[in-house]
Amino acid sequence: MIIGIDLGTTNSAVALWDGEAAQLVPNALGQMLTPSAVSVLPDGTTVVGQAALERMAAKDGATQVSFKRYMGTDHKLKLGRNTYSAEELSALVLASLRDDVAAQTGQVPTEAVITVPAYFNDKQRKATRRAGELAGLSVRRLINEPTAAALAFGLASRGEYEPFLVFDLGGGTFDVSIVEMFAGIVEVRASAGDNRLGGDDFNEALANALRARLDPDGLLDRQNPERARALLLQAAERTRRTLSDKAEAELAVTVEDRRLALTVTTADLEAAVEPLLRRLRDPVVRALRDSQIDTASLSEVVLVGGATRMPVVRKAITRLFGRFPNSTVHPDHAVALGAAIQGGLIARDGGLDEVRITDVCPFTLGVDRSERDGRGGVVSGLFTPIIERNTPVPVSRVHYFQTMADNQRRVEFGIFQGEAREVSGNVRLGGLDIPVPPRPAGEVQVDVRFSYDSSGLLEVDVSIPLTGESRNVVFVDEEDRKDAAELDRRRRALAAIKVHPREEAANQALLARAERMWEDHLGDVREAIGHWIIAFQTALESQDHRTIAQASADLAMRLDSLDAEMPL
Amino acid sequence: MSGALRGAWRRLGIEPTTDQGAIRRAYADALRAMDVDADVAGFAALRDARDTVLAWARQQPKDAAREAPEPESPAAPADEPAFVPGTWPHAAPRLDLPGSAEGAGVVAGEDHGHDALVPAPVFVPAQGPADAQFVMAQPTLGPAQLPAGELPVEAAAVAAARRDAPRADHALHALLLDGPGTEFGLAEAERARAAALIDELVAQADAGGVDLWARTEEWLAETLARAWPRSAPLLDGVARTFGWTDRPATTGDSPAVAFLIPRLNESPLLRTARPAEDALFTLLIPDEGSDEPLDEAGEAAAMQALGAVLDEARDARIERSAEIEGWLADLLVQSWPRSAPLLEPAAQAFNWESEHGHLNERPQIAYLNARLRGLRFVQKVQDKGHPLHRAWQELTRQGKRKSLFAPKAKVRQLIDGVRSNFPELEQHFNPMLVAAWEGRRLSGKGANFGWMAILLIGLIRMVIAIADYGNDHPVSAPRLPYETSVPAAPGQAPDPPFDPARDPVLADTVHRLFGADLSYADLARRNPNLAETLQANRRMTADAEQLARKAQTVLNMRFFLAHLNAKSPRLDDLARWRLDQMAAARADGPDTCLSVAGGGDLPPGRTLPEAALARQQKLARAMLAAGELDASRPQGTSRSYAIPGAMVDRVIALSQLSEARVRAAFHNQGSAADQCAVRIALIKAALAWQGTDRVAILQGT
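Top to bottom, those sequences are chains A and B. First residue of the first sequence? That's 1 in full-length UniProt numbering, and the numbers climb one at a time after it. First residue of the second sequence? That's 1 in full-length UniProt numbering, and the numbers climb one at a time after it.
These aren't lab readings, by the way, just hints derived from the structure by calculation. There could be a bad hint or two in this list.
What the hints assert, rightly or not - With beta-carbon atoms standing in for the labels, derived distance ranges:
#, chain 1, residue 1, chain 2, residue 2, range
1, A, G468, B, Q427, 55 to 63 Å
2, B, G252, A, R278, 36 to 44 Å
3, A, T384, B, G307, 38 to 46 Å
4, A, N326, B, S420, 49 to 57 Å
5, A, N326, B, A55, 28 to 36 Å
To be verified - Pulled a few chain A residues facing chain B out of the computed Cβ check, cut under 8 Å:
#, residue
6, I185
7, F321
8, M404
The beta-carbon is built from N, C-alpha and C at its ideal position, and this holds for glycine as well.
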């Protein structure tokens, strides 16, 4: 069984190929989407998903969300008394999804296809793969999110399509892919993206634009900055969601027992996010240009990702393409379903015999080189592309280089990804160093071969034809160098984390929600919520299933009715 | 069939076919049969095979269609312009000066795959059977033979009632199709007059009933279509009147309407003189060709126009917005430094800075990004906290002597930094102070501190320019060097007898070169050699457009040769003409600019702006009258001259390049863009220079 996982910035989902179609697997709360949030409860146990998200702005600051943004970096995220890397936190989310599948099917899955934003770089991809391994999943393939969505879209109709465009604006990343479908072949023609643009940025822009108006006395400035930020972002997210249906919404936070509130209109939102909307254009233009397709030849514009629900984004899209986008696929489900289909493809499932998918490498990969300028000096740090962006993968390309100095003893290459002419503007993926026989300058040739596989992972081979010396897989990045034992140690460390029992997840989420609402409200309402919480905790301690079920239903109903009364 | 193509069919495992569906299915089958991860090379080869074969197949039906054009083809849905693979967005019609003569030529582009963008050939006589049909239905309209082209009687009666005015349909026809200068775009006054005539016709039709209305619609459509693209600025109004907007062409439409409807969606900037774009263009590139900064009112107006243009780009769909972006970038580059105040908002709107330093940063954007960083630096350095602030103040103040209190190292750092990074900023400095800091004296004589620049101009370059010409536009007749006069050899008399004095194409060509009132006979009298050259070329082609290009080549060459020996004031005129040429060529790219600087031609489709064309005609007339349009070649093959130091400074300032880059360009090294900029700057500097070597420099550049 190969499961398909959409590991998102805001939400994650898991799906299975059942031989005929891809099916989403619900979590313990019965929901298809699991928030990508991890929190440590005061008792030291860890919760993942909705319960953790509710604790986002809790005073103890023991919650992490949107950690996907730090994937592939050394950034450490604090969670309670410990710090974790983004891949470790992602592993906790993956493990929770894995358990959801186990709960539904009765067997623990061991293999997975995990989606990544098309514009994720090599480091981010490797980190994602390690996250899967840390969660005890063998990652059979990483698949680009818009590609997965295209698979889901294409297979849902099984039609032939002129090129269509997948517009994937998620919580933290933005991807555009141009895809063609014919005779069962789903072919990605070009992808482009911005891996620093998503729904979170819209929240942040809204919060920043309105903070001064919301809080003229600087009340928030006196709070712990991280908590103030979490409160604002959470409030902005709620406001933004409400603005998807209504022309006005309230932006409200409660701090120091004071409730700050502001009425926000769609015009406010539009003004605040205008610079972000402008950033949507570049990747679209790049993808169209690279695939040599104009908007008039596109048969559809398929929207994926929760942030495409925003009317301001839809408006911008309609403007860009001069037409209304297609919303037949579920923007939050398509990616996970596509991942499950890819899983079925890898397992050579009979239902997918006719289907094949080909993808591209969305960025340029190459090495740095030096050359002599006209005056006899040396210019270094120039980028030599070896695999041009939007080359179909898998691909293998070789470039030849020569030594520059007489009796040069070694050749060093930095391996880079990006579009800048000088490597300083690109992402360094690693480096390698190979000895060469001492000869006059230019006599020793060095062959550098780049191979980029279907998962979007890069392998570099260097050889010196003169000596026959060659180094396979010389490309090593810092994390990869850590040996298997190290990986195993980290896996055990993660496994030792006491995760809150799955069967209690729903109650935990409810409790966290009640606590969050207690913080959000004042006066009598707050007092009432306090009573409800105590009643629910008492019921939990009774350990009697029927009592707990009854109390939980009561509390949920009360909180729902309270939410419905908002804004106060 | 080439070997590559044969191999591709073999790999796909099918017989050659033009059925693209079959090709894709074959590819799909082959792909399913392989494991791409295990056979990376095989996958690449399979894809290559498919792409090769698909490209071939796409070529096939297109050619077939060209031989027998389908009647529906002009009626393609208006919102789906045919896409030309491999060329977007560069193949998108370049936006040129709204309403100017360039528009027409530029749309055609250089690539032969652009047919969709070229004004439909149906309205040009002698293009094929289908066209002939249309031409028959609409014979050449002249005032003498009006029946087919004139408006129905009712309208004529109405018009005739107004004895004082000529018939509006005749007048419009003359204005668009028959009058002098109809090969150019409409001037503003002409456009206004044409619009008034159309209004008059519409008013008459409105009063006349359904039948007259329909016939007026048809007549106007045909007139506009035949006068395309000259009639472009009029299209919007007419289309609105007759409800051609917001609908695709249908089979029920006449060919003329079906031709016009898709044009409504085509690059409106090019088509209509839009106030904002027009205003921006006129403000930035005034007719007098001023390099002076905009005054306050001008800047405010330009900002307002820019705002309107940016708004339009923001609300437009992607291609359109990309088109506006390209147009604006070109305009800002061409009008720099006048355009400086507009750069920041434009760059922000289009995110130009995000492209900085990228592998495929567009050249104009690279240029603008460099200027932008300069502007930013000037802003930052005004701040007291900036480390170079005091040095900046020292160099920008009044006075001649360096201040004792200025930070020496910083001042040097600033001078060096500005020269290598933002050369255009040197204009902010007080030159006396810069000289004082550099320990050199400014003087009129270059020998003190200047250095010699030697320019070699070989005749080889001219020969190359001549030989290159025609490579990219195939001529069916054997190629003759255009400068060779071909006397009619005995026994080879052209058949049918050809009378150059009566040939309309030749007459047109002469008009274009020398203005409307010079006939071929006049030319033959004054310069028989030139007349003969034109005539020889005329016999090789009947295509007026092609002949016009060749004639321009001949004229260019003669101008170029003349400038090598000319003396002032003619030398100055020629230098200014060359500046016009290079400015037009620069819009095409630095390589074109260099080729033009060496006596080459503007590429097909790129013509001089109207004002420059008028200047060229005037100059040609003057030189013809003075007998200066000979094909004599100058003595010697190379020349060298010294450029005085002060002039070098001027060139640095004008070209806005660093001294090192200017120096390299003087030696014909460095990028083509640099060389082009330096050449232009050198001619400008020499024109303003009154010292020794002026003549040598003007002749030599």
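Now the hints, each set against the structure:
The hint said 55 to 63 Å for the Cβ distance between A:G468 and B:Q427, and at roughly 60 Å that hint holds. Hint check: B:G252 to A:R278, Cβ distance near 42 Å, so the stated range 36 to 44 Å holds. With their beta carbons about 42 Å apart, A:T384 and B:G307 fall inside the hinted range of 38 to 46 Å. The supplied range of 49 to 57 Å is met by A:N326 and B:S420, whose beta-carbon atoms lie about 52 Å from each other.
Checked against the given bound of 28 to 36 Å, the beta carbons of A:N326 and B:A55, roughly 29 Å apart, stay inside it. Proximity of A:I185 to chain B holds as hinted, the smallest CB-CB distance being about 5 Å (cut-off 8 Å). Taking 8 Å as the C-beta contact cut-off toward chain B, the hint placing A:F321 at the interface holds, the least distance being around 6 Å. Among the interface hints, the one on A:M404 is violated; its C-beta lies about 22 Å from the nearest C-beta in chain B, farther than the 8 Å criterion.
Going down the numbered hints, you'll see the structure goes against just number 8.
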